[in-house]
Each structure stands twice: as structure tokens, then as C-alpha cells.
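All chains, full assembly: derive it from the sequences and hints.
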Amino acid sequence: MITAEQKPIDEIRKMIAPYKKVLAVGCGSCVAECAAGGEKETGALASALRMACKIAGEDKTIDEKTLDRQCVREFVIQLDDVIKDYDAILSLGCGAGVQAVAEMYNEVIVIPALNTEFLGETREQGLWVENCLGCGDCMLYFFGGICPLSRCSKQLLNGPCGGSQGGKCEINPDVPCAWQNIIDRLSSQNALERLEMIYPPKDWSKKHGSGPRKIVREDQQK
Amino acid sequence: MTVVSNLKKVLEEGKFAVTAECGPPKGADPEAVIKKAELLKGKVDAVNVTDNQTAIVRMSSMAACSLIKSIGLEPVLQMVVRDRNRIALQSDILGASALGIHNVLCLSGDHQKFGNQPQAVGVFDLDSIQLVKTVKDMRDEGKIIGGDALSKAPEMFIGAAANPFADPLAFRVVRLAKKVAAGANFIQTQCIYNLDRFEKWMEMVRDKGLIEKCYILGGVTPLKSPGMAKYMKNNVAGMDVPDELIQRMQGVSKDKWKEEGIKICVETVERLKSIKGISGVHIMAIEWEEAVGEIAEKSGLLPRPLV
Amino acid sequence: MKNKLTRNLAIFYCQNVPGSQDDVRQSLEEKYGKAVRLFPMPCSGRIDVVHLLRALEEYADAVYVITCPPGACRYHEGNKRIVKRVDTAKKIIESIGLEKDRIKLITPPIELALKPLTSFVEEIEEEAAAIEPSAMHKKKAQGAGNKVQGKKEKK
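Residue numbers (my numbering), protein chains in the order written: chain G, 1 to 222; chain V, 1 to 307; chain X, 1 to 155.
Just so you know, the hints here were simulated from the structure itself, not pulled from any lab data. Heads up, a few of these hints could be off.
[Claimed, not checked] Listed next, the in silico EDC-like pairs over lysine to aspartate or glutamate satisfying Cα-Cα at most 20 Å (straight line):
| hint | chain 1 | residue 1 | chain 2 | residue 2 |
| --- | --- | --- | --- | --- |
| 1 | V | Lys113 | G | Glu130 |
| 2 | V | Lys273 | V | Glu297 |
| 3 | G | Lys40 | X | Asp48 |
| 4 | X | Lys80 | G | Glu130 |
[Stated by the list, open to error] Okay, the calculated bits of chain X under chain G, using three or more residues with CB under 8 Å as the criterion:
| hint | region |
| --- | --- |
| 5 | 49-57 |
| 6 | 92-101 |
Note that beta-carbon positions come from the ideal geometry of N, C-alpha and C, so glycine has one too.
Written out as C-alpha cells, the structure is:
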């Protein structure tokens, strides 16, 4: 899933300041899962903004609507009927959602309420951790299902570095050393010899090689 | 490969080598480098020049290496993978060789978070082991990554670092073996205070057949104060400072701290000399370059052989 | 007892608070009329930040949340979870210029586990008199006087 966190309310207020009629649009997918932009959070943010406006004597309309997903046209299109009533959309979608909405309604100002962060998992309730950076060339098999590119602070393919201490990364005692974890995992699977080979330099062209990426599947097209 | 590295020659002739470290200044003054380097003349076989250590912006290692070479000292170019991609790293190897710098130490580098540019991107296009292999292929096959041929191969004596005290302990020797397999000719270790533990590591290294394939220089750092010993013990990752050394430092008066620190260092060097597979010592006297000469002398390592 | 309330309140409470059955709620609603809105919840842990904010936005000068004593939550963690949500809601209202004391969390100690809802409400009634009317609803509060925009009031 994609994770995100809400921007500080002052920052949001500054961005919506010039607009009189604002629609806060939430998303029921990833950002709902990480409690940043789902229906409840959209309701809370819209209520807080309305109160802020009243207290400051600002005349603004702030309404709310939550879509199942903001990154899929079929759902975004549900805004067709209401979009004309608003000068700006405050999107609580991830960066992909914000842009999909902006792409559909390019006369309308679309403002992001969230800072999109990482691809990750819900490790436990209330805890989300990064575990994938979308390199386009998955090597998880070799490392026992632990990605050294996203989870090692130095992206080492032949780790660990000299800063691994007590299973933690040198940059922060809260960050596990991915390489310690990889070694432990492969040891328990009797596959430690997989780490004896020298992994060659990563082919980063699969991520950065040709600018923003796209996937086209003709068998999925109309 | 024609012999162009003094360090290589000293090691190949079986003489116990001495290297030291020199940190470039946080500024553009060449005199700052030269003054420090002058303190090491005649005391060492080669001088490591650090590469934006701790991710703090300093004069480039390559430039500082060139400066110390100009006063007759042999440099070891330290090269981290944190700041440059493979294009720049390979380019710098060619440049270094062209400038007469023929020793390189390939390192990961401290994470950018520790330095004064924490908002910078950490490149890490290659890791330190991939860099060792890259330099080896450039030197021995005259090729860069991807196979394009070089018009002239660089001449490099390739080094890597090893930390016998970092976790995970059991894997450390496997990683060292990878570095040697990748092409490391010499290894410099993290500074050693716990000799018993170091000897155990060396036993594993010998068992793996690595001492026949590379030269290992044991790292040492003279303590300046009990506070420094405690700091290193508690705050620096991958450091093992036995309590008895802290007690020794605490046991002498303040005006004798440096003397005791050098004493401990000399004892360490003496013990390193007796360990099978140790071919030299790497003295890292942080902001205390004068100590290098004293340690070398008291360890009976002066004068340095002229090769 | 005469209703002394001159403020509008929202009171969220766990249905496991003693003496909080429907008939009690109804008689409280009769007593206080629109001044107090009561929200029985299966557990205080079911209350979300948005509920607290909406109450303050729409009518309430203050919002109260009454939980079960520590360790006595039927669902184990509900009354712990609500603590953090109340904190979040307080931070939000403070950041937009509303006093954070307008949200109050009442968690009785275990010795008072039998304290009934009416008892809590009576104490709230006493305390609420001292609360300034919320900037959100100042026109409705008594004695707001000159701050009303537009026409001058004739005495």
C-alpha cells in the first residue's frame, strides 16, 4: 500500500486561502488504511477547517466527499456532478490520486492535503513500515524476502556495512539492520550460501532509466 | 602490472607496513593539508586521505591526495560510494591514476544523516564490494562496467576496510572473503582495542585461507583521555573498548593521559606484529598527527624502508 | 432540579457506565433540553476524532467523554485508545484557535466504578457554568452583546 500523513493544518489553510468553495475529497483505499485520508479523516479535517474559518472570520464553504479510490478514472468520474460547485478540491488522496483528479478536472485547482511517503505494509495496528522502492527488478528471492534496497539505509546488495550494531542500523537505533535480518532469515532457511556470491551493480535503468514509467497492457484495453 | 605503489612494494617485500590517516580541511586552503602531511614525512609508507568523512563537506580526497603527493608522500585515496554514481567513481579512478595516485580504499561511507548535509541524496549506486570489483576490472582488463574498453588502464593497489568488531560477528569473515574475491589486495581494519577478540577474528580469517590472498593492516588509534575511551565504547558503532583500558586511562593524572594513550597504542602494535597474517599497522591519530611518529618510533618501526 | 445550564454540551459515554440505561438518558434529555446532547457508545474506544470535532463545530461549547475506570474496559483497550484520540482532537482544535479544554476526558478511578451517569452529569453541569461560550457559537450565548455584527441593538 501507499502510505501518507496529513500536512500540518496551517500549511493546508495557506493553500486553500484564496478559494471560497472547497470540496475535501477523501479516498477509501491506501490512505484510509493508514488513517490519513479516509472518510473519517476527511470528516475530521473538513470540520477542523470549517471551525478555523469561522473563528478567523473567513467566509468559506468546505464540503466533503469520499471516493473508493482516487487513482482510478472510473471512481474519480463520480465528481462530475458536483465539481462545478467548487473552486478548489482539497484532495486527501496520495500523490497518485491528487494527480488523477487534477488530470480529469484541469480547470479546477487541486490541492494536496497529504504528504505521500512510501510503499509499505501495516506491520501492526498503527505502525506502517517501508519495504519496497519499486525498482522494477525484484530480487527478493535472493535475500529471503527482505529487500536490501528499500530496507538497508545504504541500499547495499553485498551488506552489511560496518555500522551494523546489535541488529540495528547505525543511523537510528529504532531501525533494524536489514542485512542482519537477511542473514538471520537465510540462516533459518539453510540458505546462507546465497550471500557468498558478489551481487553485481543494480540495473537502475529499470527505475530511472527512461523518466516516469508506464505499463501498457493491450489485453486489458477496451 | 608495473609496480607504482610504494605501499604495495613494502608489503610484497614482507616488511611490516605503516600507514596513517590525514583528514582534509573544511576549506580550500592547500597549506592546511600540507602542514598536517609534513608531520608524517618519513614516519609512514603511505597516507590515507579521507573522503568527506562523517558526511561532512571537506576538500576532496583526490585534491588532497595530489597535494600530499607533491611533498613526496604516498597517498591512499579513500573513496566512498555515498556521494557519486558509477560514472563519477570510474572517472575518478582514471583521474587518480593519471595524477599518480595508485592506492585506493573502497568504502561505503557514513550515512549522509550524520553530516552537515543531511538533506542530500545518498547515491549508493554501487556498494563498496562492487566498487572493489569495478576497480579490479578496470586495472586488469582495461574495461569499465558494461564492457567498454579503456584507452589506458589505471594502475591501482586496491584496498577495502574490515571491522572485526561489528555485527553480525559470524558473517564478518564471509564478507571479508567477498571483498578479497572481488579483488581487494589489502585490508585496513577498524581500530583495535580488544586484542583477544581480534586474535579470534584473525583465526577465522586464517581458517578461511584469506591471509594468503591479501595483506591485512591492523588499525590503531591512540587514546587522548578517559573520556575519549568511554565515548568510543558507548557511542561509536562497531567499537570494542575493554573496561581495563578505560581504567588505565583513568588511573593516571590528566597531564599523563596522552602518554598513557600512546603507551597502550604501542603495546597494541607490538602484539599485532606477532599475529600471523598481520602485515602492517594503520595508525589513525584523529587530529593528533604528531602522535603517529612517536608511535612508529616507540614500536621500533622507524626508519621506514626506502623502496 | 432546575436546569442551571447556559452552555451547550455534548456528552459521549460508554454504555457500561452504571445507571446509563435508555430511561435515564431520556429523563436527562427532558431536564436539559437542547443544551445537552447525550451519546451512548458501546465502548468509549468507538469514539473517533471526527465525532468530537463535529460536536464542537455544530453546537457544543464543550465536549465530554466518560469512560470506564482503568483496567475495567470490557473490550480491554477501548478506554486507552480514547485517551490518544482525545489528545489528537485537542491538538487539532488548539491549532485552529479553539481552547483545548473544550474537550474533556473523564475517567473515574476504580474506587468510583459504581458512580452513575447522573452523578457525572451533575458535576459537569456545575463545571460548565465557568466555561466561556465557544467562539464558534458566540451569537447564541447570553451576554454576547456588542460583538454581534450588523445592526446595533436597541436597548
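Now the hints, each set against the structure:
{"no.": "1", "hint": "Lys113/V - Glu130/G", "verdict": "18 Å, holds"}
{"no.": "2", "hint": "Lys273/V - Glu297/V", "verdict": "14 Å, holds"}
{"no.": "3", "hint": "Lys40/G - Asp48/X", "verdict": "8 Å, holds"}
{"no.": "4", "hint": "Lys80/X - Glu130/G", "verdict": "27 Å, violated"}
{"no.": "5", "hint": "49-57", "verdict": "holds (count 6)"}
{"no.": "6", "hint": "92-101", "verdict": "holds (count 6)"}
In summary, the structure is inconsistent with hint 4 from the numbered list given earlier, while agreeing with all the others.
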